[in-house]
Amino acid sequence: MNFQLTKEQEFVRKMVREFATNEVEPLAAEIDQEHRFPVETVEKMAKYGLLGVPFPTEYSGAGGDHISYAITVEELSRVCASTGVICSAHTSLCCWPIFNWGNEEQKKKYLPDLLSGKKLGAFGLTEPGAGTDAAGQQTRAVLEGDEWVLNGSKVFITNGGYAETFVVMAMTDKSKGTRGISAFIVEKNDPGFSIGKTEDKLGICASSTTELIFQDCRIPQDRLLGEVGQGFKVAMSTLDGGRIGIASQALGIAQGALDVTVDYMKARKQFGKRLSDMEALRFDVAEMATRIEAARLLIYQAADMKDKHLAYGPKSAMAKLFAAETAMYVTTKCVQLHGGYGYTKDYPVERMMRDAKITEIYEGTSEVQKIVIAASVLGK
Amino acid sequence: MAFKIIVCAKQVPDTNEIRINPETGTLIRDGVPSILNHDDANALEEALKIKDKFDDVHITVITMGPPQAKDLLIECLAMGADEGILVSDRAVGGSDTWATSNVLAAAVHKVGDYDLLFAGRQAIDGDTAQVGPQLAEKMDVPQVTYVQKFEIADNMKDIRVERALEDGYEVIDIQTPCMLTAIKELNTPRYMYMKGIFNPDKDIKVWNAKDIEVDLTTVGLEASPTNVFRSFTPKPKGKGVVVEGDTDKDLAKNLLIGLKGKHVI
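Heads up: the protein sequence lines correspond to chains A and B, in order.
Mapping of the first sequence onto the numbering used here: position 371 corresponds to residue 371, and the numbering continues sequentially without gaps.
Mapping of the second sequence onto the numbering used here: position 116 corresponds to residue 116, and the numbering continues sequentially without gaps.
Same shape as in the complex, but just chain A:
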């Protein structure tokens, strides 16, 4: 057991903290209110290697580990959860399945542009009728000659409006249930592929969440990711890792909210006392700090297990469940501690509270995490 970050991981935190403070935080309130995707920040993240942290350098990754990746998403989300999820969805949901399930040609073709951040990635699993019930895929893919033809639509796709490479699930054999689902790599300019409606959301307003539409979308046969019928496995293994990213986002939101609240409590006086000197409120801070630290340990442990190729699925589900609920608990409390000011857009905690809610929903709701965790404890 070793609970110390490595030197590299400490440098990652220092680097991303500086980057986030100078480049991300100043924009956070503005892009939230304008619902504007921060293209300029994504370019800077690409330049410094934040979009390919846990991948080898031979594919233009940074050569880092998953704890460093978790720290990256955490530190970005500490000041802007929208920016955090851009990094997380790109890295965990698009780069990783191509890295893990792709053949050598696919990896060489797609990863250098993705990991260097020249292109952004997205992942298409959810459909209007297939959310938590991900197996209910209606999007179909049929092999015609040497082309796959895709028809259907996906919803709530993070990075949808700005991604150029998509990992998409589609049903290739309905009679086989989940074993009839296959995964494909779709490019932005593929014929018959288009971006539909952009969602207007409660939080993470600067991230792009769109519909993907496939109307006789024709892609070459070699875009199949993994084997025919392996799509559900591709998707579920991808989400196991994605949960480390979302848990890190939730952790970052909670830590960011606590940090600004601590500053506020030290400055704000009522009844002739600073809030930070009032015992009841100090206990609130103790409770928040403890939950945050517990979430952090679960996340880093899941990330460490992933690096060591151990079965980390239930652990990342626990990390995501606990971190998301911590984010909601902490941000709600932080708004309360700010009083009326916390309810205004002059302070960042109301944004953080809105941003926190999604972490209990996407990449598997809290209820889905409990299904995964319970299955690991009780059996299916």
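Calculated from the structure, these hints are not laboratory results.
Check before you lean on any hint, since a few could be wrong.
Just so you have them, the derived chain A footprint on chain B, three or more residues with Cβ under 8 Å [said to hold, decoys possible]: (1) 191 to 199; (2) 237 to 246.
List of simulated lysine-lysine pairs, DSBU-like, C-alpha gap at most 35 Å [as the list claims (entries may be wrong)]: (3) K157(B) x K195(B); (4) K44(A) x K51(B); (5) K188(A) x K269(A); (6) K107(A) x K51(B); (7) K119(A) x K108(A); (8) K239(B) x K14(A); (9) K195(B) x K233(A); (10) K235(B) x K14(A); (11) K49(B) x K118(A); (12) K149(B) x K110(B); (13) K235(B) x K47(A); (14) K70(B) x K262(B); (15) K157(B) x K273(A).
Derived DEER-like restraints, expressed as beta-carbon distance ranges [stated by the list, open to error]: (16) K7(A) x V243(B): 39 to 49 Å; (17) K44(A) x N16(B): 21 to 31 Å; (18) V228(B) x K308(A): 27 to 37 Å; (19) N16(B) x K269(A): 18 to 28 Å; (20) K308(A) x I172(B): 30 to 40 Å.
Since the model is a prediction, treat every value here as computed from it, not as a measurement.
Positions of the beta carbon are idealized from the N, C-alpha and C atoms, including for glycine.
Fit chain B to the supplied structure of chain A, relying on the hints for placement.
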């Protein structure tokens, strides 16, 4: 032949994180993170910009300090420097600026040929601004301090700099080899690259006093002519506010609004 730049850098306590012991008035250094001195980061950034622009540029960063100052070199390499040298020896501990520049001069001699010596104007923990100029004297190269703008010609020989003064600046032409000290106006330092953090060309050397063949009677606390009479921390000054307005009337009005807002009047 490669264009060789040597950057001198210092690891300093992060002044943003420093707290003051209210009883003794001294700095509480325990648990304060160490950082790359700000002006030195500007010096390194300018060197990196030369490397971005021209082929075959080699940057060596030299620092003197305790073993943990190696972290500073890892950071510099992660930003893009090629080589780091830590001069670390108990014999050089407690050196003042004169003794420090003796150590650095010996280290620069040991590195060998160079085209450009770059350092920050001053370190945020000592604020002397003496080491750079002393090093230039000891290396017998021309120097320009307070560099706020830097241009090098394609011949990699002719340099034009702006030297900041209190009320303006001087434009100075100088040729390599020379020594420059940077101020924050020169540029905005880059961050470490993620790739650099995980895969730095870990070319970090640790040299002791013997390695750099420095005269031991000229380094360390004993050899330092400076006697510190007293050190104190100036009382922190509140952030100033500049009142803006197009006319005198506007200025007066805005001033009044500001004062009223703060319940001063």
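To see whether the hints hold, each was checked on the structure:
1. 191 to 199: The restraint on the region 191 to 199 of chain B holds, since 8 of its residues have a Cβ under 8 Å from chain A and three suffice.
2. 237 to 246: violated (count 0)
3. K157(B) x K195(B): holds (32 Å)
4. K44(A) x K51(B): holds (20 Å)
5. K188(A) x K269(A): Distance of about 54 Å is beyond 35 Å: violated.
6. K107(A) x K51(B): Answer holds: K107(A) to K51(B) is near 31 Å, not above 35 Å.
7. K119(A) x K108(A): With Cα atoms ~14 Å apart, K119(A) and K108(A) stay inside 35 Å; holds.
8. K239(B) x K14(A): holds (26 Å)
9. K195(B) x K233(A): holds (31 Å)
10. K235(B) x K14(A): Cα-Cα ~29 Å, so holds.
11. K49(B) x K118(A): holds (22 Å)
12. K149(B) x K110(B): holds (29 Å)
13. K235(B) x K47(A): At roughly 41 Å apart (the allowed maximum being 35 Å), K47(A) and K235(B) break the hint.
14. K70(B) x K262(B): violated (47 Å)
15. K157(B) x K273(A): Violated: K157(B) and K273(A) sit about 64 Å apart, past 35 Å.
16. K7(A) x V243(B): 39 to 49 Å: Holds: the Cβ-Cβ distance is about 48 Å, inside 39 to 49 Å.
17. K44(A) x N16(B): 21 to 31 Å: For K44(A) and N16(B) the Cβ distance comes to about 22 Å; the hint holds.
18. V228(B) x K308(A): 27 to 37 Å: Since V228(B) and K308(A) have Cβ atoms about 52 Å apart, the given range 27 to 37 Å is violated.
19. N16(B) x K269(A): 18 to 28 Å: holds (24 Å)
20. K308(A) x I172(B): 30 to 40 Å: violated (57 Å)
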